[in-house]
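A.B. asks: All chains should be modelled from the sequences, with the hints used to inform the complete structure.
Number of protein chains: 2
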Amino acid sequence: MREEEIIEFIKRRLKLKQEGVVIGPGDDTAVISYNSKEYLLLTTDCVVENVHFTRKEATLSLIARKAMAVNLSDIAAMGGLPLYALISAGLPEEITRRDISQIINGLNYMADRFNVDIVGGNLTKSDALFLDVSMVGKVEKKYLKLRSGAKPGDVIFVTGTLGGSRLKKHLTFTPRIKEAREIIKKVPVSAMMDISDGLSTDLTRLAVASGAGFNLYLDKIPVSADAMKISKNKEDGIFHALNDGEDYELLFTVPLRYKEKVPVKVNGTDIHLIGEMTEEKSYKGISTTGKVIKIFPSGYSHF
Amino acid sequence: MREEEIIEFIKRRLKLKQEGVVIGPGDDTAVISYNSKEYLLLTTDCVVENVHFTRKEATLSLIARKAMAVNLSDIAAMGGLPLYALISAGLPEEITRRDISQIINGLNYMADRFNVDIVGGNLTKSDALFLDVSMVGKVEKKYLKLRSGAKPGDVIFVTGTLGGSRLKKHLTFTPRIKEAREIIKKVPVSAMMDISDGLSTDLTRLAVASGAGFNLYLDKIPVSADAMKISKNKEDGIFHALNDGEDYELLFTVPLRYKEKVPVKVNGTDIHLIGEMTEEKSYKGISTTGKVIKIFPSGYSHF
Chain A
1 MREEEIIEFI
11 KRRLKLKQEG
21 VVIGPGDDTA
31 VISYNSKEYL
41 LLTTDCVVEN
51 VHFTRKEATL
61 SLIARKAMAV
71 NLSDIAAMGG
81 LPLYALISAG
91 LPEEITRRDI
101 SQIINGLNYM
111 ADRFNVDIVG
121 GNLTKSDALF
131 LDVSMVGKVE
141 KKYLKLRSGA
151 KPGDVIFVTG
161 TLGGSRLKKH
171 LTFTPRIKEA
181 REIIKKVPVS
191 AMMDISDGLS
201 TDLTRLAVAS
211 GAGFNLYLDK
221 IPVSADAMKI
231 SKNKEDGIFH
241 ALNDGEDYEL
251 LFTVPLRYKE
261 KVPVKVNGTD
271 IHLIGEMTEE
281 KSYKGISTTG
291 KVIKIFPSGY
301 SHF
Chain B
304 MREEEIIEFI
314 KRRLKLKQEG
324 VVIGPGDDTA
334 VISYNSKEYL
344 LLTTDCVVEN
354 VHFTRKEATL
364 SLIARKAMAV
374 NLSDIAAMGG
384 LPLYALISAG
394 LPEEITRRDI
404 SQIINGLNYM
414 ADRFNVDIVG
424 GNLTKSDALF
434 LDVSMVGKVE
444 KKYLKLRSGA
454 KPGDVIFVTG
464 TLGGSRLKKH
474 LTFTPRIKEA
484 REIIKKVPVS
494 AMMDISDGLS
504 TDLTRLAVAS
514 GAGFNLYLDK
524 IPVSADAMKI
534 SKNKEDGIFH
544 ALNDGEDYEL
554 LFTVPLRYKE
564 KVPVKVNGTD
574 IHLIGEMTEE
584 KSYKGISTTG
594 KVIKIFPSGY
604 SHF
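If you're matching them up, the sequences are chains A and B in order. When we follow the numbering used here, the leftmost residue of the first sequence carries the number 1, and every step to the right adds one. When we follow the numbering used here, the leftmost residue of the second sequence carries the number 304, and every step to the right adds one.
Misleading hints may appear alongside valid ones.
To be verified - Cβ-to-Cβ under 7 Å is the rule here; a few derived chain A residues that face chain B:
| hint | residue |
| --- | --- |
| 1 | Ile10 |
| 2 | Val21 |
| 3 | Pro25 |
| 4 | Ala30 |
| 5 | Val48 |
| 6 | Leu86 |
| 7 | Asn122 |
| 8 | Ser126 |
These aren't lab readings, by the way, just hints derived from the structure by calculation. Glycine is no exception: its CB is placed at the ideal position from the N, C-alpha and C atoms.
C.D. replies: Structure representation (structure tokens):
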């Protein structure tokens, strides 16, 4: 079974029973009642040896940093602030004190930088090393952003640059906690999520969740220098920016009338306008030459 | 490195930064500020194929049930009620729709029985199947129980029977949520935890956390029928009850003057008085014949 199929299969079989659940599975985090002004955010994400990394390509410190960062990125995508983390680690028998030091250094680096407390965890033996992080965050009710709020006519923005993350950025990216909150405080964002699986996949998810379509201005997509390094030409670079994934940038929409209010830069990171939401539920890429392509999740196909 | 060594090594390197953390790593769950009357509880626990189970010995439904139950047992040990769960699943490539159905059935069985909402999760590929559950619970401040509160002279109790859990109980046990709360409401419990790693190990942990010692009345330990099945005689049965682990029963202490107030049964489960806390920080087992043994965590050694 494909991942999306499994997720749908599971979601159909879960029944939510408590009133306190504002948003269950399906967005970047769950949203839970907390107090009169804030919601709690709950999320979990895991990195597994030989699936997400090999110990040859990255230090354990960078792996642990990433395990924290992917969860922080989910909290950012909701407009929230992180609070607490639980770490469940699967460790091979042959793990050394130095390995564990490295893991702790990576976890602590992110915990300190984003003021998160690691309040508990669990250790288990495992042939393949894994780090599963669960994170609790909070968000003011007025700042909560979902992926389902985009309306036809809204303009689409993205932070930073996309593609080629596998070269380095997927291990060293900065979760957009600060950037998300600065943007939300400046403009009435209608939908927001992080780009973890590639712009083509995640923008489609945002459109589906919002019951809309989109026109993506292909030549406006900010292609990263690393994506260009592995590309023959600009078109190839755009392909990488669309489909590589692991960018952990913010994807968000804003009503057309607030377009000019969106800052060109937040916290040193550029913001680019890359498209518009449409009434018609089709997912189109449009180039400056007028060529139209159909955008497939993780795919790129001319028609 | 041994597990306890790794945990100590990690705990020394974690700095807690936020006021909201009432109890960090070290008890059955973390305890977090919530509202004027209640705390939040955060915990995580994982079951891994070929470490905690093989797919020959148990159905995936029972494995999933256990993954929920071990977390529920941690919430119970604090005196709390479960609220929300996140499921992080590592699934092998060859997983079938039937396998996934079984996993969901096991998760839902426990979620429905204990009124928990599964609000999110994560799927990843993994050679060995694992299910990592994180759980959020809550507890009224007045009912919170820690493992560190026992005083010399307090009497030690245990719910249910111990030992031989590997035969069946480790997959089918009932987390003692209801029992814990009934006990706490009836008597002023001074310390409480669940028995996951065996009475010898967990009672030692409770004693260390409380800065006390204990006399354990060996002949009063409730040995399970399954422990007797795998034992040659009563003494061997007691050995299993002390050291097998995975009992997921409650271990708790009560000031001596409330000894008679402790019910003999809660919610159909027997409660047994098994010892007393001592000023002297030694860990002793005493038999009715007057024989004294030293209790080692997971060990049993005459002296």
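A.B. asks: All hints are to be evaluated individually against the structure, with a verdict given for each.
C.D. replies: Okay, the hints, checked on the actual structure:
no.: 1; hint: Ile10; in the structure: holds (6 Å)
no.: 2; hint: Val21; in the structure: holds (5 Å)
no.: 3; hint: Pro25; in the structure: holds (5 Å)
no.: 4; hint: Ala30; in the structure: holds (4 Å)
no.: 5; hint: Val48; in the structure: holds (5 Å)
no.: 6; hint: Leu86; in the structure: holds (4 Å)
no.: 7; hint: Asn122; in the structure: holds (5 Å)
no.: 8; hint: Ser126; in the structure: holds (5 Å)
The structure agrees with every numbered hint stated previously.
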